[in-house]
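A.B. asks: Each protein sequence line maps, in turn, to chains S and H.
FYI, in this note's numbering the residues of the first sequence are 155 to 446.
FYI, in this note's numbering the residues of the second sequence are 13 to 363.
In short, the hints are calculated from the structure, not lab data.
Any given hint could be a false lead.
Stated by the list, open to error - Label-pair distances were calculated between CB atoms; the ranges are:
(1) Pro-56/H / Leu-184/S: 34 to 40 Å
(2) Thr-67/H / Leu-190/S: 44 to 50 Å
(3) Glu-298/H / Phe-236/S: 42 to 48 Å
Even for Gly, the Cβ is constructed at its ideal location relative to N, Cα and C.
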Amino acid sequence: MEKKHSSHQFRSNTLPALVMVGPVALLLVLLVAVPLVYVAVMSFCTTDEYYNVVFKFSLANYGKLLSPDYIKIYGQSILIAFITTLLCILIAYPFSYIIARTKSKRKQLFYMLVIIPFWTNSLIRVYGWRTFLGTNGWLNNALQALHITTEPLDFLYNQGTTVLGMVYCLIPFMILPLYTAIEKLDGSLLEASSDLGAKPVKTFFEVILPLTASGIFSGSIMVFIPCLGYFFVSNILGGGNSDVIGNLIERQFKSGNNWPLGAALSIILILVTLLLVKIYKKLGGDMDSLGV
Amino acid sequence: MKKKIISLMMCAALAMTALTGCGGTEKKADNGEINIFVWTEYVPESVFDKFEEETGIKCNVSTYSSNEDMLAKVKSEAEGTYDIVLPSDYMVQSLIEQGMVEELDKEALTNLSNIGESYLNPSYDPGNVYSVPYQGGVAAIAVNTAKIDKEIKSYDDLFDPSLEGQLVVLDDYRAVIGMTARSLGYSMNETDPDKLAEIETKLLTLKNNVKLYDSDSPKSALISGDANVGMIWSAEIALSMEENPDIKVVYPEEGAYVFMDNWMILKGCKNYDAAMKFINFMLDTESAQLVSEEFPYLCPNTAAVEAMGSDYSENEAKNPPAEVISSGEYVENLDNETLEIYNEMWTKLKE
């Protein structure tokens, strides 16, 4: 009797849940948990003379992470990510504000304009910038044709172009959460503020900004973190002169052939990410707007 | 109850859709198929088509962009995933030492006589037991003579302060460090810590001169004018010369970094005879010509070189002079500690 009851319970409660959640859970385990554990284990391994990963416990990889050369690159990486995030906020905020608050019928169109570039691979778009900014690129040709400059200017292959590429690739991740936050803004609060005598500037800093801060936070997280890893942008537009942490990882997995060290670097990147998300949560950030 | 049954059925249906695509049809390796794993932008489509037409053996081609990528991929896949690979000199040696390759059947290599004497019996595979050469090249110097007045004759000249921000160099640490070592008169495979320290000091002075690091298509920066001097593969220089006649090729006085890529058959190859047929086909004169037309690297096939005439043989970038090859140096496998020093100085250069 007891057994029959429990099997009935299994069928009516557990089985549907298992069937619904099971495949997703399986995918998550296979595609997220297992690789993460694999990377974590590998970061404690060493390599033999043929670069094979040998499962011999060692902390040497983590020791190497503290070398001054690497620390310089972490610093450079964080600086690039910080400037990129700041520029993204400055550009994306007014833009999102306008498309979120506009009464125009074109609102959807503006929104689509942000999303459409996503349909082209970012690698191709970044290569496009290289052609555009080159010595014989469109920009230089146009400047010379308009007699603004006489000699072609050197735009490419420095930290500036790396930042430009990063901003270009990542700005949608800033616009989308800002748009959501600004759209949620209650118009009556703005009216109240103005009724009570606040000037627009004051309204902005004391009403609008605090109410949309969550959007800025989540946008910043979504821009800052990928920025540390987007090695292809610094490769293509930085010409290899402005490495980010992602380049270090790529190098260890490819030419450097030291997968354990690459894994240790990846673990550091994952920890930084977790730390930032934790801070975000602590500051009252909404996990839903991060898409997690 | 009915509702529950329906919901259960829907769940089952969902679960089924989640699993579609998991099964699929297993590809059976029939007798007429070989899996070839080659460098990207190196073996033209036309040769594979020609081989398929002539023999009826189907070629499944995949590509890689570095020897290390290839090694990692081969190791992580099941034996028999790839039958034929195209590694460079030092990797040939490494694959042999690790017992990953099959001996080649000399009887089947009827076209081996097309290969020039000087390209046979290399130090990395004495007697060509496991490998035969495909194409090679030199990490040579390209100069846009319309933009650069300074006469450049050696790797050492690339360090001249007057070339600030002018250089495109290979994004390859062994090539750039090797070039620095050669410019000091040392070996590209230097292991002595004192000499390496000296190399590092010199290497870091290159930093100001480098505009960009690019291994994938360094000719683009030369053609577009973003860089006016390059330390890049000879064939890339040949292709850039076709676009801009002001670009000249210079072979460094100190002796250049040379490489040779070679055909090998991996252990576990499912169709050894077909693989041998393919390798022999690649040694054929006509195949080598087809290859050179599209990717003008150093062609070790002397019969093909004769057939191609002066367009190939008199073009110094396509066909580096024999003394450049004989005075050149191959990259060799180094021990892990030394490689780490190399990696460290590379990181310092690029930070």
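A.B. asks: Next step is simple, just say for each hint if it's right about the structure.
C.D. replies: Status of each hint after checking the structure:
1. Pro-56/H / Leu-184/S: 34 to 40 Å: Holds, at about 39 Å.
2. Thr-67/H / Leu-190/S: 44 to 50 Å: holds (46 Å)
3. Glu-298/H / Phe-236/S: 42 to 48 Å: At 58 Å between Cβs, range violated.
When the structure is compared with the earlier hints, a violation turns up for hint 3 alone.
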